[in-house]
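Protein chains in written order, with the numbering used here: chain A, 1 to 363; chain B, 1 to 89.
It should be emphasised that the hints constitute simulated quantities derived from the structure, not laboratory data. Idealized CB from N, CA, C, for every residue including glycine. Please note: incorrect hints may appear among the correct ones.
Sample of chain A residues at the chain B side, in silico, Cβ under 8 Å [said to hold, decoys possible]: (1) L55; (2) D174; (3) R175; (4) G217; (5) Y223.
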Amino acid sequence: MSLSRPTTLLAELTYRCPLHCPYCSNPLAMTGAEDELTTDQWRRVFTEARELGVLQLGLSGGEPLARKDLDALADHAHRAGLYTTLVTSAVGLTRDRATALRDVGLEHVQISIQDSDPRTADHIAGMRAAHLKLEAAAVVRELGFAFSINAVLHRANLDRIGEIIELAGAMGADRLELANTQYYGWAFENRRALMPTREQVERAQAVADDAMRRYRGQMQIIYVLPDYYETYPKPCYGGWGANYLVITPNGQTLPCHGATHITTLHFDTVRDHSLDWIWRESPAFQAYRGDEWMLEPCRSCSRKAIDFGGCRCQAFALTGNAANTDPVCTLTPLRAVVDRAVEEATGEPDYRYRYIHVEPART
Amino acid sequence: MSLTPAAVPSLWRLARLNFDPVRQQHVLVYPEGAMMLNESGAAILQLCDGQRSIAEIARILDERYHCDVLADVTEYLAQLVEREFVRVA
Chain A
1 MSLSRPTTLL AELTYRCPLH CPYCSNPLAM TGAEDELTTD QWRRVFTEAR ELGVLQLGLS
61 GGEPLARKDL DALADHAHRA GLYTTLVTSA VGLTRDRATA LRDVGLEHVQ ISIQDSDPRT
121 ADHIAGMRAA HLKLEAAAVV RELGFAFSIN AVLHRANLDR IGEIIELAGA MGADRLELAN
181 TQYYGWAFEN RRALMPTREQ VERAQAVADD AMRRYRGQMQ IIYVLPDYYE TYPKPCYGGW
241 GANYLVITPN GQTLPCHGAT HITTLHFDTV RDHSLDWIWR ESPAFQAYRG DEWMLEPCRS
301 CSRKAIDFGG CRCQAFALTG NAANTDPVCT LTPLRAVVDR AVEEATGEPD YRYRYIHVEP
361 ART
Chain B
1 MSLTPAAVPS LWRLARLNFD PVRQQHVLVY PEGAMMLNES GAAILQLCDG QRSIAEIARI
61 LDERYHCDVL ADVTEYLAQL VEREFVRVA
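For reference, chain A alone in the conformation it holds in the complex (with noise of 0.2 Å):
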């Protein structure tokens, strides 16, 4: 098969983040400041990167604004044509940063809310931050940026969809993604208090359908599936190495930000290698590529092609094997392990909040 290129970099700027979010997709084992890429390594991958066909950039994190070099590394990815996006947690996003960040040409901003009651979305993210996000917007509205919100949904603020998305309207959002928490990292860790019922998921569904239709021209809604209560798992990012990358903040890249999972994998960092390396020839990025790979039901079925098998890093943490089909699947008897999941949650509170031990920010 003819290999394809990318189109989209998530770079992971820094673990650091002042918000401590049980449903966070990080790794548990994060590292520090100390281990970040620096300054002009990120330089260099960015235009290796456009080099390969990357078209947009997601400067992420952790908090990305925990990088004194944010603003450099923004009119970097500028230059060399990048579409960026700053996915930010809106906490340190002060006026003076988003002046010197839209002043270098950064386009799309995107803040993440918690929750519509700040009460709720404090405790969720284990920080008082409600209150900024709603600073944040305002400024990011007034500077013109292209403007995003993300909520990621979970048992305590599912019933609470309609109103979130009242608020990312009145936020003034051009966008709102409405992510049902999909278990990684910490999310994984915290999946039997974050796992919503299924009727909240049914009735959630519903008002999410109802937005789309109303804020139609106005603010565009997508509705990321809780894939536990799907049928068949979700085309994740088109398939393995096909269109999608992630650096993680030591260099790390990855096919999928849950790839930390798959501990049978040796990723590969840009610290050692072209970022045109890792994706055409690294072992990793031509694992799971094509459909060479996979076992059955999903070798002679149609759906491969729709779905590519589902996720290789949710195969691996759910059945110990990646090359499995991916159990929220119903065709595979691995779906035990899922329906199991899904009953054993018991939607307490009790969460395991994100920490790494924060080291000094470099200078």
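For chain A, the structure is supplied; the task is to place chain B on it using the hints.
Using the frame of chain A, we list chain B on its own:
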């Protein structure tokens, strides 16, 4: 949805029409995705400036390609309106 010749299309605020020198192709880039464009698609979208109507866009392309393109232009833009990449006023 049906579009009239008088409708005035413009690109969604979050979408960017770029020429990609790597692929040697026009692309429409938007959050979380990108659409590779063929030559005629790019020619249509380049004329969507929020000022020209669909009829005016079609007239420009008629002259360029020496054929009547109004129906094709309307159908193409209707698909992009459906996907929310193009807005009409």
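Now for the hints, and whether the structure bears them out:
no., hint, verdict
1, L55, "holds (5 Å)"
2, D174, "holds (6 Å)"
3, R175, "holds (6 Å)"
4, G217, "holds (6 Å)"
5, Y223, "violated (13 Å)"
Hint 5 from the list above is the single one not met by this structure.
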